[in-house]
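Participant: Okay, here's what each chain looks like letter by letter:
Number of protein chains: 2
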Amino acid sequence: MKTNKRTVFFVSDSTGITAHTLGHSLLTQFDNLEVHYTSLPYIDTLEKAREAVEKINQAAQQAAQRPIVFATLTEIQARALVATSQSMFVDLFGAFIEPLEREFQMKSSHAIGRSHNIRDNVSSYDTRMNAINFALQHDDGASLSRYEDANVVLVGASRTGKTPTCVYLAMQYGVAAANYPLTEDDVEDLSLPKTLQAFKQKLFGLTIHPERLQQIRQERRPNSRYASLTQCQIEVQRIEALYRQAKIPYVDTTTTSVEEIATLILQRIGWNLR
Amino acid sequence: MKTNKRTVFFVSDSTGITAHTLGHSLLTQFDNLEVHYTSLPYIDTLEKAREAVEKINQAAQQAAQRPIVFATLTEIQARALVATSQSMFVDLFGAFIEPLEREFQMKSSHAIGRSHNIRDNVSSYDTRMNAINFALQHDDGASLSRYEDANVVLVGASRTGKTPTCVYLAMQYGVAAANYPLTEDDVEDLSLPKTLQAFKQKLFGLTIHPERLQQIRQERRPNSRYASLTQCQIEVQRIEALYRQAKIPYVDTTTTSVEEIATLILQRIGWNLR
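These protein sequence lines are chains A and B, in that order. Going left to right, the first sequence walks through residues 1 to 274 as my numbering numbers them. Going left to right, the second sequence walks through residues 1 to 274 as my numbering numbers them.
Just so you know, these hints were derived from the structure itself, not from any lab. One or more hints might be untrue.
[What the hints assert, rightly or not] Computed cross-link-like contacts, EDC-like style, restricted to lysine to aspartate or glutamate with a CA-CA straight-line distance of at most 20 Å:
| no. | chain 1 | residue 1 | chain 2 | residue 2 |
| --- | --- | --- | --- | --- |
| 1 | B | 5 | A | 101 |
| 2 | B | 107 | A | 31 |
| 3 | B | 5 | A | 98 |
| 4 | A | 5 | B | 101 |
| 5 | A | 202 | A | 149 |
| 6 | A | 107 | B | 34 |
| 7 | B | 202 | B | 240 |
| 8 | B | 200 | B | 126 |
| 9 | B | 107 | A | 34 |
| 10 | A | 107 | B | 31 |
| 11 | A | 5 | B | 103 |
| 12 | A | 55 | A | 91 |
| 13 | A | 5 | B | 98 |
| 14 | B | 5 | A | 103 |
[Unchecked claim] Sample of chain A residues facing chain B (criterion: CB under 7 Å; computed from the structure):
| no. | residue |
| --- | --- |
| 15 | 4 |
| 16 | 30 |
| 17 | 31 |
| 18 | 35 |
| 19 | 41 |
| 20 | 122 |
| 21 | 259 |
| 22 | 273 |
In this text, all values refer to a predicted model and were calculated from it rather than measured experimentally. All C-beta atoms, glycine included, are put in the ideal place defined by N, C-alpha and C.
Kindly generate the complete structure, drawing on both the sequences and the hints.
Facilitator: Pasting the structure below:
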């Protein structure tokens, strides 16, 4: 099958994060597609919209096939202008705003850049920023750990993805997530470390294939006992046995992304999106 | 104006992150709207789709107005089923997949959960995870700082938002972002600290209103010299003077979110989205 090469623009009057997220999601549905992404954020005047059209048209002239433009433009005139570019114009706001206006029987504000703006929701923004500080202060079993303030405490062997997951939960959802690294010694008698026993309801376990764990550890401390396959196998086996025995829910991170792990954790703790 | 109360569902065969992002963006365009969000991720069988319909219909019966459903369902039968729920069904994939199929003259894969999946793009996932480690290892001027490996080095007074911005750049874009806290002493003679001089091209400054800085520091170390308004004013003034003198681009984080700051930085360093 022939590969289809396309230049893809994300055009927004704000950050373009929404256009990127949905555009990327849609395009991953096509195999044999080779895309080159360009983001044109903060297109918030007609003058900038004109410049955006020029850039898109330049790309159109240099390519065999017309560019794809994913747009989140709240302002109708700017939207109409960018729609005139030599592209397939995918209007992510226009397609839905009018049906929603009819549904709610109210006009949309056409206000720019609301979704990633602090002003409209100071308290939820502060919650996220505080959660990031919490995640970093309670990373890797840090001694100042106040697990009573945590919404969730991730446990798992060293290098199973606890830190990125905690940071993601904090950044995206404002979840206060701590993490505690389980060692071979910790689980020798198949019982939870004392520090964790009082917080059993908040625990969520991560595990990983020993071969993958070995690879990751090898990059960190080449040829150490820590990075040996035997060591990884023993740790993973004992820790999984502990999860089952202590009835701690867990997920294998070998082929699961932080976004997917975070989603499973939110379901588990019954977290309400804001 | 009367407030419109709505239950909003994000229904996805994967994480639901895309549905949440666009749905939230659209709804922030309406004032006087009181929403309650519920995420229904991993709706990847017809049986689960039936359960989702039941949940939506239950919510419909309990509410004065029908729920709004934002769906990213790749599988056509599941999509058709959820569309029968007593809701305003907003089909984020269906609306665009067919036009894109015509444009590319190829069928979409209808494969579930591609956009947040590791398997389809291991290298870009690993880049992001490594970037998070980099951000944490090079946080707050950590001594092991290897700025030659950084894509960007954020500078600014303590508590101006450097760490969350670095973490966000790493998590979302795989940008290796380090940060260095500027102190009053650092900028006394309006020259850059030695550690930073060789990396001037990579520097990006953050600043903040002194009053807001005082608030944030006050929470951290109440009634300290560090948190006094005078101290905050002196630091901010000197650091901004240094930015201008050394021609370091900078942004005021007082009313700018990490998403917005990150977007400005990506533009500045000419980062290509993947």
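Participant: Please go over all the hints and tell whether each is borne out by the structure.
Facilitator: Evaluated hints:
1. For the given pair, residue 5(B) sits about 14 Å from residue 101(A) by alpha-carbon distance, which is consistent with the 20 Å threshold.
2. Of the supplied pair hints, the one linking residue 107(B) and residue 31(A) holds, its CA atoms being roughly 9 Å apart against a limit of 20 Å.
3. Distance hint between residue 5(B) and residue 98(A) is fulfilled; the C-alpha atoms sit about 18 Å from each other, no more than 20 Å.
4. For the proposed pair residue 5(A) and residue 101(B), the alpha carbon gap of about 14 Å is at most 20 Å, so the pair holds.
5. At most 20 Å may separate the alpha-carbon atoms for a hinted pair to count; residue 202(A) and residue 149(A) meet this at roughly 11 Å.
6. Distance hint between residue 107(A) and residue 34(B) is fulfilled; the C-alpha atoms sit about 15 Å from each other, no more than 20 Å.
7. Between the alpha carbons of residue 202(B) and residue 240(B) the distance comes to roughly 17 Å, so the proposed pair stays at or under 20 Å and holds.
8. At roughly 28 Å between alpha-carbon atoms, residue 200(B) and residue 126(B) are farther apart than 20 Å, so this suggested pair is violated.
9. Taking the CA atoms of residue 107(B) and residue 34(A), the gap is about 15 Å. The hint holds against a cut of 20 Å.
10. Of the pairs offered as hints, the one joining residue 107(A) and residue 31(B) holds, with about 9 Å between alpha carbons and a cut-off of 20 Å not exceeded.
11. At roughly 12 Å between alpha-carbon atoms, residue 5(A) and residue 103(B) fall within 20 Å of each other, so this suggested pair holds.
12. For the hint pairing residue 55(A) with residue 91(A), the CA-to-CA distance comes to about 18 Å; that is within 20 Å, so the pair holds.
13. Taking the CA atoms of residue 5(A) and residue 98(B), the gap is near 18 Å; set against the 20 Å cutoff, the hint holds.
14. Taking the CA atoms of residue 5(B) and residue 103(A), the gap is about 12 Å. The hint holds against a cut of 20 Å.
15. This hint holds: residue 4(A) has a C-beta 5 Å from the nearest C-beta of chain B, less than the 7 Å allowed.
16. For residue 30(A), the suggested interface contact is upheld, since its CB lies about 6 Å from the closest CB of chain B, less than 7 Å.
17. For residue 31(A), the shortest C-beta to C-beta distance to chain B is roughly 6 Å, which falls under 7 Å, so the interface hint holds.
18. Because the smallest distance between the Cβ of residue 35(A) and any Cβ of chain B comes to about 9 Å, over 7 Å, the interface hint for this residue is violated.
19. Because the closest C-beta pair between residue 41(A) and chain B is about 5 Å apart, less than 7 Å, the hint holds.
20. Annotation: interface hint on residue 122(A) violated; nearest CB of chain B at approximately 9 Å, more than 7 Å.
21. Against a cut-off of 7 Å between C-beta atoms, the interface hint on residue 259(A) holds, since the closest Cβ of chain B lies about 4 Å away.
22. Checking residue 273(A) against chain B by beta carbon gives a least distance of about 4 Å; that is within 7 Å, so the hint holds.
Going through the hint list in order, the structure does not satisfy hints 8, 18, 20.
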